[in-house]
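Take the given structure of chain A and dock chains B, C and D to it, following the hints.
Chains as they are written, first to last, in the UniProt record's numbering: chain A, 1 to 295; chain B, 1 to 412; chain C, 1 to 310; chain D, 1 to 364.
If you're looking for bench data, these hints aren't it; they were derived computationally from the structure. A virtual CB, placed ideally from N, CA and C, is assigned to each residue, including glycine. Hints may contain errors.
To be verified - Within a straight-line C-alpha distance of at most 20 angstroms, the following computed PhoX-like cross-link-like pairs (lysine-lysine) qualify: (1) K68(D) to K78(D); (2) K101(A) to K134(C); (3) K204(A) to K78(D); (4) K25(C) to K17(A); (5) K172(D) to K187(D); (6) K392(B) to K240(B); (7) K392(B) to K402(B); (8) K99(D) to K204(A); (9) K25(C) to K78(D).
Unchecked claim - Here are some chain D residues the structure puts well away from chain C; computed CB gaps all over 10 angstroms: (10) K99; (11) Q250; (12) L318.
What the hints assert, rightly or not - Covered, in the sense of this in silico footprint (three residues per stretch, anywhere, with C-beta under 8 angstroms from a C-beta of chain C), are these stretches of chain A: (13) 14–21; (14) 60–69; (15) 137–150; (16) 155–163; (17) 176–182; (18) 195–207.
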Amino acid sequence: MSKSERPNPLFRNLNAKVASIPMILTAGVVFVGGTLWTVLYSFTNSKLLPRLNFVGLDQYYRLWVTPRWLISIENLLIYGAISLVFSLVIGFLLAALLDQKIRFEDTFRTIFLYPFALSFIVTGLVWQWLLNPDFGIQHVVRGLGWDSFSFDPLYNSSIVIYGISIAALWQGTGLIMCLMLAGLRGIDEDIWKAARVDGIPMWKTYLFIVIPMMRPVFITTLVIIASGIVKVYDLVVAQTSGGPGIASEVPAKYVYDYMFFAQNLGQGFAASTMMLLSVVIVIVPWAYLEFGRRK
Amino acid sequence: MRYKLLTAALAATAALQFAGPAAATDLEVTHWWTSGGEAAAVAELAKAFDATGNHWVDGAIAGSGGTARPIMISRITGGDPMGATQFNHGRQAEELVQAGLMRDLTDVATKGKWTEIVRPKSLLDSCTIDGKIYCVPVNIHSWQWLWLSNEAFEKAGVPVPKNWNEFVAAAPALEKVGIVPLAVGGQAWQSSGAFDVLLAAVGGSDAFLKVYKDKDAKFAAGPEVAKVFKAADDARKMAKNTNVQDWNQATNMVITGKAGGQIMGDWAQGEFQVAGKTAGKDYTCLPGLGLNEVIATGGDAFYFPLLKDADKAKAQEVLAETLLDPKTQVAFNLKKGSLPVRGDVDVNAANDCMKKGLAILAKGAVIPWTDQLLSQDTQKQKEDLFSEFFAKPELTVEDAQKRFADLIASAD
Amino acid sequence: MSMANTAAPAIAAASQDIAGPYGPKPRRMFSRRNIFLYGTLFVIAAYYLLPLYVMVVTSLKGMPEIRLGNIFSPPLEITFEPWVKAWSTACTGLNCDGLSRGFWNSVRITVPSVLLSIAIASVNGYALANWRFKGADTFFIILIVGAFIPYQVMIYPIVIILREIGLYGSLSGLVIVHSIFGMPILTLLFRNYFSSMPEELFRAARVDGAGFWGIFLRIMLPMSLPIFVVAIILQVTGIWNDFLFGVVYTRPDTYPMTVQLNNIVNSVQGVKEYNVNMAATILTGLVPLIVYFISGKLFVRGIAAGAVKG
Amino acid sequence: MTAANGTSVSIQDLSLNFGAVTVLETLNLDVANGEFIVLLGPSGCGKSTLLNCIAGLLDVSEGRIFIKGKNVTWEEPKDRGIGMVFQSYALYPQMTVEKNLSFGLRVAGTPKDEIAKRIARAAEILQIEPLLQRKPAALSGGQRQRVAIGRALVRDVDVFLFDEPLSNLDAKLRAELRVEIKLLHRKLQNTMIYVTHDQIEAMTLADRIAVMKGGVIQQLDAPQTIYNRPVNRFVAGFLGSPAMNFIDGQVSAGTAFKTGDVSIPLDRYAFDAAGNGGGPCVFGIRPEHVAFGEAANTMPFATDAAVEIVEPMGSDTLVWTKLGGHNFSFRVEAEKTLRNGEPIRIGFDPARASLFDSQSGNRM
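Same shape as in the complex, but just chain A:
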């Protein structure tokens, strides 16, 4: 092969750059540009339309004394903790169960995964129905003769956020299971053999050997779950619309409601900025460590 035919480095980079234009535009214009725009307008008193009428930190001050915002934050924390812990635990357990060389693995996996194909709107509707005390599970169990049975998580302010998580877990654990299963299948068969020869019980093998080995999978999973948590919106809207009262409000809904229902863009942008800020604080260091220093 003659030398002149080899790709010129400059030209090569140019090609990659041209190919990356959509990414650069998305990252630069939409994500960074949109974010900066949002942050800028969060310091204004924009109502229905964005206007550059600065009011300093007023919107933030108001945000942090609004009970609904505080409840939203609290709910997000509870919901986040539940989703994170249970998605990981259930997802991993399911994957571990499916990894026992069982029969009908394909069938079970399909069953666990199918809810993921359904939208949050659909998920929310179905579970709202199942959990409705007037004709859902509570009604049916009472119909069987257990009159004092009470199961109305969506209609009880103090536990509604847990009720919403039931549907969230139903919808989301399948994917987590898939990721975990893929991770388990990636573990060297010899490790299992070595552990058996060493006489290490299965649960200890999982806990002390396999799980630590699955760190990359857990990180990917964590990112996927976490990004879903911050965004939770449709599920709440479809199940409770934030109710009863404001007991199941979440930040994303606050943003949407105040931007569009209340026609107070400034307030919505301030809430957005707070959400963005928390995302950035959590994600950027991780993303930097994970992707920035490779190779």
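Same frame as chain A, but now just chains B, C and D:
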């Protein structure tokens, strides 16, 4: 961008003068009227508009104004406006008008002598910004109604109450036979609206105006409003077993006798009608909760975004005229359960409840509604407060009133 | 083998008792392990299937039966009317053509969006994995952080961007929005996948004189079936199920199916017609469900290839 | 029972099927106490499977396994008194070397001081004391394999199982560790069963080699026997590098082997069984058993040939020529320089050759 639009619109208006007979033009109209009664009413508008040789393209968005408005606003500000859109008249579209995105209807209004026919006058005032008219009010909706199920009270063995106080007194009897005394849907605007109704009924029109018009926070924290909160406390106790979200599901509880009553606007009447119920026989309506017979002049209006297309602009004018046409007014309002905005129309077909409303209107016992008095922002905060209040018994009356007063203090 | 004969007779002669266990360790069908394992699996499977069961059963019942009966009982009289109604006659406002219109809208939205987003993301991933240039990582990190931004936050800026480029309300506008929001996760998947391919392959192709596109089209693409399957599944379900963008960035005549579903479900005409709602719900979810059922195995494999190797 | 006469591992009538596929077929093997057995064969021959069966990692379909006289057919691996070393080392990557060594013991509830003692001993034997606090990722391949051996060592068992332990290492390290394993065996005097596809490992390490193919042990013997007297053509071809020369031809009446115009007298060849009435067969002779030049003439058989290709291998040189029309190779000292086409004389002693039946491939 805006200038371009404006020029285009000007050109369009100019072109209008010379345009020949109108060809059939499709005009997309967005609204959030999707319940049974509402859909029947909107069909009347579409029928009337189609009769003019144009075509009504229906853009219904389900799930109440709260869901629909953001979509409408995004489309107008996003440069993809519809031909016409519903808003509650009042302050919802204020900024769109100020941004020059909406069409000035003054010419059409002058031609149609709207200032003379629209009644009460305050309706058109709400459409007027800087002396120009930007919207067509189509109906008057009043919130001040208590709908009662005659069947439910019969079952409980108590006479149908004549006012709020009797209703509260009858609540235990209803509960005893497994009937929810008061149906309040889970959506936030319903509990908030119920409180406003109580404020006007229990506190009186003056109190209502003092709080919402004058934004008198001190008054809002005072003993008169405390009385209203006491009534709201009764209401939330009576409503605690309502497990429905939508207002018409709550109305349906009244229709089927599962609930004793509901505080809801006159649009609930459409549901009774669709269900084939007769006022006076199957259900009873108490305007002003039987305490203070006033009518709030809230309601719906159509706004027309500025369009580039000359044909569509022409069709907008036709639609604006059609909406106020006496026949359309009657047909629409009968189905919708609301009151017509013209005083000169024949409403013999109106039922008992509507007639009661018309009589009150004729007496001039009207107050403006919160849509006209408060910004959407304040409305939303109010909704948050009262939906929490109704759903959370631990929130005390005192705390709620204090938060309410704070809210009024910062209201705009 | 001759060896076999030396010891065997002696052992065979000795009784089974002396020789002890022979052959496979007996595994009872109903060992405690199996009961626990399959028991757990069946209970969990029931939990996962319950909603689907209720949806299907309810959609086949008439309204009177729904009002009386319990939600878990199978229909006494099977009726397909709710399905017909959901598909073709359910009303939103004045439009009474059910979900059918939305179905085709969804197809028109989903197909180009899936193609475009995957095309962009695969090239991105490839460039990031094999042709890194200065600053590429920065954009990538921004993209990943972007995956966490709640969509609600970005609605307004995007309205403005689309307005400025004149695509607001058009199908192309919506396709672009879907491509933008699909980009972070897809790019991550493709990048991981391409990074895990042997470097020698890439080097060999370059020595052979293949350029950026040549390597991508002739070497990388043919080897990327699993990850493309994952990407297609994720995008088809994500875009098909999208509600927010569909409602904000389209107009009523191009509303996707989910928006119509929401309209039908929320357009309560007196009583909620649960059977119609359920039928509509199943109909809306059908496309992604079918995609899953068909490609479940490939999905797991692709996930293993793209997501697990970090 | 067999255990009484010093048998460590005894495998009786062992079969293993996966569905319709037979992986191991009625296999018998007795391993004496302290013996080093190598299971040798190409990939897919069932050698690793057999090892896994012995370890208890695979359930057998038929037969029994005894270890130290105890029937362990149904026992769990940990109760069989074995330690195992894997090709991929299978170290627990998140644990330090010390934890790797101690984890199994701690789980088994071994007293702390006992664990410490065993680790110290293993670390000393394997010279990994400085590595104890490191994690596997910070170790070289050779060090990792030492740790893996250590993990088997601390179990204080009688039988060590090695599953291709050196395959992942480069040639130099492999040679080093091979020696170390040999020394280890000498020091510990344990029974070791070692699976490999590398014949050098097999030849150097084994007391006896079991050559496997198709789930059957083809030959079980001391390395030299296997090398010199392979029972069939497969064994003959599998062992030895450079490979044995095979020449197709005929045996005529048990007196001579004929191929082309060459006839090799077989009067010095020790036939396995009498009555070789002749017929098609394969004549095999190892390249190093071929004499060259002057020396060739002292052999019972000698012939002329011409050099075709010369392959210098460092320590010696492989020369290719033709014998009766067949490719034929032999070894000469490295110092010898030969040109292509140079006429030469080669010869060998048929007593060192092997004759295989063309049909069955068995030694004649």
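Practice task
Verify the proposed pairing of K99(D) with K204(A), using a straight-line Cα cut of 20 angstroms.
Solution key: holds, 14 angstroms
Handout entry: Consistency of the no-contact label for L318(D), given chain C and a CB cut of 10 angstroms
Key = holds, 31 angstroms
Exercise for the section: For the pair supplied as a hint, K392(B) and K240(B), confirm whether the alpha-carbon distance does not exceed 20 angstroms. Expected result: Given that 20 angstroms is the threshold and the Cα spacing comes to 9 angstroms, the pair holds.
Handout entry: 20 angstroms limit on alpha-carbon distance, applied to hinted pair K68(D) and K78(D)
Key = holds, 14 angstroms
Problem - Whether chain C covers the stretch 137–150 of chain A (at least 3 residues having a Cβ closer than 8 angstroms to its Cβ atoms) - result: holds (count 3)
Handout entry: Hinted pair K101(A) and K134(C), Cα distance within 20 angstroms
Key = violated, 47 angstroms
Problem - Distance rule for Q250(D), whose beta carbon must clear each one in chain C by more than 10 angstroms - result: holds, 28 angstroms
Handout entry: Satisfaction of hint between K187(D) and K172(D), Cα-Cα up to 20 angstroms
Key = violated, 23 angstroms
Handout entry: Restraint status (C-alpha distance of K392(B) to K402(B) at most 20 angstroms)
Key = holds, 16 angstroms
Exercise for the section: Report holds or violated for chain C covering the stretch 155–163 of chain A, Cβ cut-off 8 angstroms, minimum 3 residues. Expected result: violated (count 0)
Problem - Restraint check for K25(C) with K17(A), where alpha carbons must lie at most 20 angstroms apart - result: Between K25(C) and K17(A) the Cα gap is close to 62 angstroms, so the pair fails against 20 angstroms, i.e. violated.
Handout entry: Separation of K99(D) from chain C, once the least beta-carbon distance is taken, above 10 angstroms
Key = The claim holds: K99(D) sits with its nearest Cβ about 24 angstroms from chain C, beyond 10 angstroms.
The structure shown violates the earlier hints numbered 2, 4, 5, 14, 16 and 18.
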